[in-house]
Amino acid sequence: MRKTPLNAAHVEAKARLVDFHGWEMPVQYQGILEEVKQVRAHAGIFDLCHMGRLVITGPDREALVERVFSSNLGKMKLGKAKYGFLLNEQGFPNDDVIVYRGADVVHIVINAGNRDRDDAWVREQCATRRYRATVANVSDEQAMIAIQGRDSEATLQPLCSADLSQLGYYAFTEAQVLGLPMLIARTGYTGEDGFELFPAKEHGRRLWDALLGAGKPFGVCPIGLGARDALRLEAGMPLYGNEIELDINPLEAGLDFGLDLTKDDTIGIPALRAIKAKGLSRRLVSFVAHSGRVPRHGYELFDGANKLGMIASGAASPTVGKNIGTGFVPLSHTAVGTKFEMDVRGSRQPVEVVQGPFYKRAR
Amino acid sequence: MANRPANVRFTKTHEWVRLEGTTAVVGITDFAVEHLGELVFVDLPSKGKKVGKGETLAEVESVKAVGEVYAPLAGEILEVNAGLANDQTPLAKDPFATGWLAKLKVAAGTKLDDLMDVAAYQKHLDAGGN
Chain A
1 MRKTPLNAAH
11 VEAKARLVDF
21 HGWEMPVQYQ
31 GILEEVKQVR
41 AHAGIFDLCH
51 MGRLVITGPD
61 REALVERVFS
71 SNLGKMKLGK
81 AKYGFLLNEQ
91 GFPNDDVIVY
101 RGADVVHIVI
111 NAGNRDRDDA
121 WVREQCATRR
131 YRATVANVSD
141 EQAMIAIQGR
151 DSEATLQPLC
161 SADLSQLGYY
171 AFTEAQVLGL
181 PMLIARTGYT
191 GEDGFELFPA
201 KEHGRRLWDA
211 LLGAGKPFGV
221 CPIGLGARDA
231 LRLEAGMPLY
241 GNEIELDINP
251 LEAGLDFGLD
261 LTKDDTIGIP
271 ALRAIKAKGL
281 SRRLVSFVAH
291 SGRVPRHGYE
301 LFDGANKLGM
311 IASGAASPTV
321 GKNIGTGFVP
331 LSHTAVGTKF
341 EMDVRGSRQP
351 VEVVQGPFYK
361 RAR
Chain B
364 MANRPANVRF
374 TKTHEWVRLE
384 GTTAVVGITD
394 FAVEHLGELV
404 FVDLPSKGKK
414 VGKGETLAEV
424 ESVKAVGEVY
434 APLAGEILEV
444 NAGLANDQTP
454 LAKDPFATGW
464 LAKLKVAAGT
474 KLDDLMDVAA
484 YQKHLDAGGN
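Here the protein sequences come in this chain order: A and B. Using the numbering used here, read the first sequence as starting at 1 and increasing by one per residue. Using the numbering used here, read the second sequence as starting at 364 and increasing by one per residue.
Keep in mind that the hints were calculated from the coordinates and are not lab data. Cβ atoms here follow ideal geometry from the backbone N, Cα and C, with glycine treated the same way. Hints may be right or wrong, so weigh each one.
Computed footprint of chain B on chain A; a stretch qualifies when at least three of its residues, placed anywhere within it, have a C-beta under 8 Å from a C-beta of chain B [as the list claims (entries may be wrong)]:
1) 158-170
2) 293-307
Below, simulated DSS-like cross-link-like pairs (lysine-lysine); rule was C-alpha separation at most 27 Å, straight line [to be verified]:
3) A:K322 x A:K360
4) A:K37 x B:K456
5) A:K14 x B:K486
6) A:K14 x B:K456
Residues of chain B clear of chain A, computed beta-carbon distances all greater than 12 Å [said to hold, decoys possible]:
7) R381
8) E383
9) D406
10) V414
11) E439
12) F459
13) K468
14) L488
My request is simple: use the sequences and hints to build the entire structure.
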């Protein structure tokens with residue numbers, strides 16, 4: 001298994017380590033439910049070094065990104081980030097990504113499990129169109145650490161050269177943390193305020209320990225992938241492989257905000273326009289389970305004998321206090337209040353469609 | 364190491380059973396509980412249900428996973444620890460006593476000779492517990 005530059009810190013903290021797409025990653029430290037509560041109440045830090053990062057430079061860098069990115073780079077202000085997809089020709093996502101538009105560079109953060117495929121895909125499109133752009137994969141040279149939760153700014157500010165109060169949501173800047181230059185983005189995957197930091201790999205551990213030190217007054221602690229999954233599900237954020245996949249398109253998943261369907265020269269957008277014109281047959285819904293049984297990825301959904309579809313994600317939500325999930329059902333079953341059943345290993349358990357997201361922070 | 368009672372027998376799949384005449388008390392071990400992580404629900408069988416040896420007796424939900432509990436021996440469900448559906452603390456903290464799952468009526472003369480004693484179970488865990 002591959003190890004991140006923070007692996008030793010996880011071992012020292014007695015994290016429970018698991019294989020995540022070939023990476024030895026912490027699934028939990030003191031416990032998933034406690035970690036979710038800590039991030040909702042204060043803040044926590046996350047090792048995201050396994051995620052992929054592409055850096056695109058050169059005169060045609062923006063043309064290349066417009067070609068492969070489902071959202072509209074040209075409409076983004078410099079210094080802003082945006083969520084979208086790398087679509088294939090059929091309009092289905094190779095990945096979901098965050099694109100950061102800099103003055104002379106575009107950064108793309110991609111999922112750990114899709115690193116190699118995305119890298120090859122972007123390079124292939126660059127070569128096919130003969131764009132004068134360079135695609136650098138800095139995933140193994142950079143660390144990536146997130147701090148998420150309402151006390152993130154108070155934790156990070158004393159370590160940081162930039163005035164973080166001036167950094168807006170989904171904005172990023174180059175600044176120094178601990179005197180070390182790095183990209184700082186006000187982005188995240190928890191539904192809370194927070195930052196994602198991209199230091200050089202060799203400084204990852206130093207930054208990790210410094211954040212834990214500075215965050216002591218707020219109880220800042222490391223948060224594992226288990227809590228990360230629950231946090232993002234509560235906040236209504238998709239996970240590649242669950243809510244979107246090579247056979248689940250962004251329209252079905254309700255992720256239209258990551259698409260600009262007016263773009264003509266972007267791979268997959270014309271196909272998605274055609275899919276939309278034809279009409280969807282299923283959509284993602286959020287639901288709560290009226291049951292002690294926890295919804296889980298892959299469970300089937302039924303209305304009587306009629307199989308509706310599959311559960312995409314599920315969790316015991318400490319924030320909502322209920323078992324929650326997302327799943328794909330025919331349009332006839334998407335209205336809020338619709339009741340149907342999940343099949344838990346042969347036993348039928350009642351669920352009810354609710355308005356997502358399950359959690360929204362007060363701003 | 365956990366304090367495992369000497370008067371119970373263990374399965375390779377981490378159930379324990381204690382015989383009291385023709386009643387068998389069944390639960391899961393501290394190792395199983397630790398492995399599952401934070402418990403959120405226990406699905407118990409209904410009274411009067413007959414289970415065969417090795418069949419699913421109960422399902423324990425944790426935040427991360429569902430653990431199937433297999434009947435260590437055949438019998439009829441006499442009683443279940445129904446409170447565990449709402450509060451899993453006894454199972455998490457005290458799996459060999461207040462965290463019991465079900466009581467089964469078993470045939471007279473039932474022996475547990477094919478199950479492990481506490482020392483053999485520890486050896487099984489030392490070898491990985493699989």
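Hinted pair K14 of chain A and K456 of chain B, Cα distance within 27 Å: holds (20 Å)
Verdict on chain B covering the segment 293-307 of chain A, where coverage means 3 or more residues with a C-beta closer than 8 Å: Answer holds; 3 residues pass the 8 Å Cβ test.
Least C-beta distance between D406 of chain B and chain A, which was stated to exceed 12 Å: Label violated. Min Cβ-Cβ 7 Å, cutoff 12 Å.
Status of the stated non-contact between R381 of chain B and chain A (beta carbon gap over 12 Å): holds (26 Å)
Three-residue Cβ test at 8 Å for the coverage of the segment 158-170 of chain A by chain B: violated (count 0)
Verdict on E439 of chain B as a residue remote from chain A, using beta-carbon distances over 12 Å: Consistent with the label, E439 of chain B stays out of reach of chain A, its closest Cβ about 20 Å off (over 12 Å).
Reported absence of L488 of chain B from the contact zone with chain A (all CB gaps over 12 Å): holds (17 Å)
Status of F459 of chain B, Cβ more than 12 Å from any chain A Cβ: holds (22 Å)
Proposed proximity, K360 of chain A with K322 of chain A (alpha carbon, max 27 Å): holds (16 Å)
Restraint status (C-alpha distance of K37 of chain A to K456 of chain B at most 27 Å): holds (22 Å)
Reported absence of V414 of chain B from the contact zone with chain A (all CB gaps over 12 Å): holds (14 Å)
Hinted pair K14 of chain A and K486 of chain B, Cα distance within 27 Å: The hint holds at about 24 Å.
The structure is inconsistent with the numbered hints 1, 9, although it conforms to all the rest.
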